[in-house]
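Protein chains in written order, with this note's numbering: chain A, 1 to 124; chain B, 1001 to 1459.
None of these hints come from the bench; they were simulated from the model.
Quick reminder that beta carbons are idealized off the backbone N, C-alpha and C, glycines included.
Take every hint as true, because none was put in to throw you off.
FRET-style restraints, in silico, Cβ to Cβ:
| no. | chain 1 | residue 1 | chain 2 | residue 2 | range |
| --- | --- | --- | --- | --- | --- |
| 1 | A | Q41 | B | T1049 | 15 to 25 Å |
| 2 | B | S1359 | A | L109 | 53 to 63 Å |
| 3 | B | S1161 | A | H94 | 23 to 33 Å |
One side of the interface only, derived from the structure: several residues of chain A facing chain B at Cβ under 10 Å:
| no. | residue |
| --- | --- |
| 4 | W44 |
| 5 | H54 |
| 6 | R58 |
| 7 | P83 |
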Amino acid sequence: MDINKDLVAASATPLVLAILSEGDSYGYAILKRVSELSGGQLQWTDGMLYPVLHRLERQGSIKGKWGTSETGRKRKYYHLTSPGRAQLAEQRQHWQMVDSALRNIWRTLSLPAPSALSPRPFHG
Amino acid sequence: MAEPAKELGSSESLEEQVEQWRSYLRRRSAIRPVDVEELEDHLRGEVSTLRTAGLSENEAFLVAVKRMGALDAISNEFAREHSERLWKQLVMSPAGTVRTGADQQTETIIVLVLAALAALAVKIPSLFGLQWGRDMALSRNASLFVLPILTGYFVWKRGLSRGIWMRLALGFGGAFVFANVYRFEAGSDTEALTVLHLPIALWLLVGVAYTGGRWGESAGRMDFVRFSGELFIYYALIALGGGVLVGFTVGMFQAIGIDAQPLVQNWLVPCGMAGAVIVGSWLVEAKQSVIENMAPVLTRIFTPLFAFTLLAFLGTMLWTGHGIDIERNALIAFDLLLVLVLGLLLYSISARDPETRPSALDLLLVLLLVSALIADAFALAAIAARISEFGFTPNRVAALGENVILLVNLGWSTVLYLRFLSGRGSFTGLERWQTTYLPAYALWAAVVVIGFPPLFRFH
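So that you can see chain B by itself, here it is in the shape it has in the complex (with noise of 0.2 Å):
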């Protein structure tokens, strides 16, 4: 009578001890729950085999726990399979160096140091009696205050050999001559171009600059695609921040009869901006897992809502019959539009799981990029039109380079998305779409800062 009584006991153990697998599994972050599903029916198999061979439901389970494998090697494998996807190749690419806490306090002092720096070299200029926003020159080198600073950190923080920063620092100089050899004529289009590209080309530098020698690959490529996104989330936030900050101080100071605001506007602001760009940056790659946690939530936020935005504003232009005006400000505006949207549709595909079949969320992305693509095509026929009509202006003709630029790679994205979701492409196959495709940006805003001062007679 004991026998069987025994027998259903040790059965049911057998599950618990399943069930106490399983939440040791779940527990870490790496493995996912459809992980566990999958390693729990090969615990399963191997039970039942080793359970034929004669062994002991229990002995039969701790062999086949043992086979799998100590939990921390695996879960650090999954974890280095799952990196690309979760966005946590930051995290885990220095593979097997440990830091210490003497290295984190010497990198946050390095990091302080270096916002500090830009933050008060945005302030050499007035000693000159230059204005921030009165003097276009300034403007014209706004980006060499900050840019090698930030591409300073990386070639600290990634050792990078004499040979790449040389060619960084040589990069900057040749920036330096194009932004200043030029004799604009005052408020020339030209001028407000190379404000607006330099910073575009130069972005290049410090991207070669935080791969760290890795800028051939394309996998180093996509990891500064996110850090730039991720940045772009982290300064915004930042911007908030400081934007309550001003409020306060302004407001507080009022209270006791001073007036904070030139204080505020001649240091607090400039200074602020400049050093947030190298404090941004240093978080993105700090705290990395709470970013990573984030962009996915705004994704899931920002798709549907652009998707109807971008919807409405088609169906209200057919149905007014306005054409788009192209003016800079507009044009510049559409190009940011179709940046954001490649963006979505970046963060969306890297945080998705390929397990997961087609959902809503995905037709929406393919309605905002289809809606996107349309809207632009408009915008392009606008601006033809405008130049066959009216000739070439270098406004005209640099926001047309860009909309082909940026319409030749979201319509290719379009085309690899939707083989991806029809299970016929890769992510993989997109990825390198979008890194092989990336210096084409740089190159057209050198184009405009080096040739079209000279082709427009600096008009």
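Looking at chain A on its own, in the form it has when it is part of the complex (with noise of 0.2 Å):
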């Protein structure tokens, strides 16, 4: 599905720390979570994921440390750090938050709609 570029950036942010909060994981393996996670609905470009994987490290939320893949390879694997999880309730929060709103106002939206369309019992 086309997802406006925006929203995914806006998400990307919680996405990846609550993969990590799950275990440390490397930038291929993290993009195979998002999708297996929303059904394959989620695609992001895959180059996009590393300047978000940089920037948080930056900001220290995770830490990168160069391991080998299974194959031998030069792999860098990311961990959450404790910055990190505190970002990541915050960012729970607010979702949580933008998510009950979006619920509340679709529950009204969507309540005249059926009502509206169902044949209505004529009664005279």
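Bring the two chains, given one by one in their own frames, into a single complex with the hints.
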């Protein structure tokens, strides 16, 4: 699905932090997890993940470390730091706020729609 | 028989293709070699997943590259992310505004006009028989000849709102009042202190204009700190070239029997010094990438040199038992030394790749910081001793204030830097400390300019 670029960018931080809170991981695996979580709906442009990771690293939310992959290649693993955990909690709160506001408005929007569509019993 | 041969050929071509793709990436200056390695690991992961799904190597490579995204867009993202560390902020920050040739031409013209204006402004007093270097009234107002024009340049460039530039004008007006309202005794210390401190206080106003309404943001202030350091380097370079020009001018005219000395002394040097502030500021903005490559190199050269000089100084002082002489000039030298050490710290951190492990250079920097702190502690002790013995004088109190302000800044910066090195802190933390601390300098300078003269009875 083609999702608005700004929305993708905004949701990238909480997603990456949350995925890393499950355990240390690396770029490709993080992307796979994102796609898995969204049932394949949320597709990031792969290259765009890395600037996000590097920004979070600079801010001190995550920490990168070079290791080796199972095939012996160099691979950079990321680890969630304790400031990162705090940031994740904060982000979670913010997104829940947005989510609940949206849920409420969807509910009020969806009410008149079915009633308008459903055939009314005719009296008289 | 043909089958395995073909298989071999295509696997070679995958390596070749990856190599080609890598060299494309490496050409983008925003993507560093370590980034390329990380992206390559990603590409290979994608290729092997696609291969398991049944695609041929060629197909898998094409799909993986496509999923990676357009290289232009990626390298833009990388540049944006690395901008702060690599001092590219200034180039990147007007994101989306593509500058046309006409825009640049207008700016060049405006800069040249403003530089000429500054150059002429310093000559106005001589119409009234005042002379630079002889009349203290001129020295007190020196910064008011150039800094308002520089501020004006940024007001124009950043398109500042009326509200902000009115307040800036008010600030300069206030500075003019305090520089001229007091009746100083001839040759008084408080007057000399005003000469030294007014530019420091006014530099804050330049900063407000420079950041263009982003003064409240840490990143905006950090840009201004960088700008100040880079302007210093550019100004030093221009001064060096100016010195060569002066030498040639005098020498060549001497060869034809004409003394160019008065012309050089009265026009070329003062006008050049004023105009160079404007031109230098513009160059910092326009030729950012030049200085960006130079600053880290300079840092690398001078960090060890200053560290050894300071160590030698401390060693000699302890060995010979000579105390620090607290003449005004010696104190100024100490304050400048601390500012310089602070600058070296900021430059080397922001040019540093957080990936790399602490190296010998980092150790040298720590050595430099610690020895600067110790040297400053000695200077502070000397000032305090002098004050308790002979009482307060404006020079001692001003120097004491500056030393304490710098010591606090440098001390906490050292702690943050050690945390950064040991991986327990981030550069952003150090940056935030630096930028929130910034107004303290201007505030103290303003106190010296406004409060000291009446406090010490204009002596």
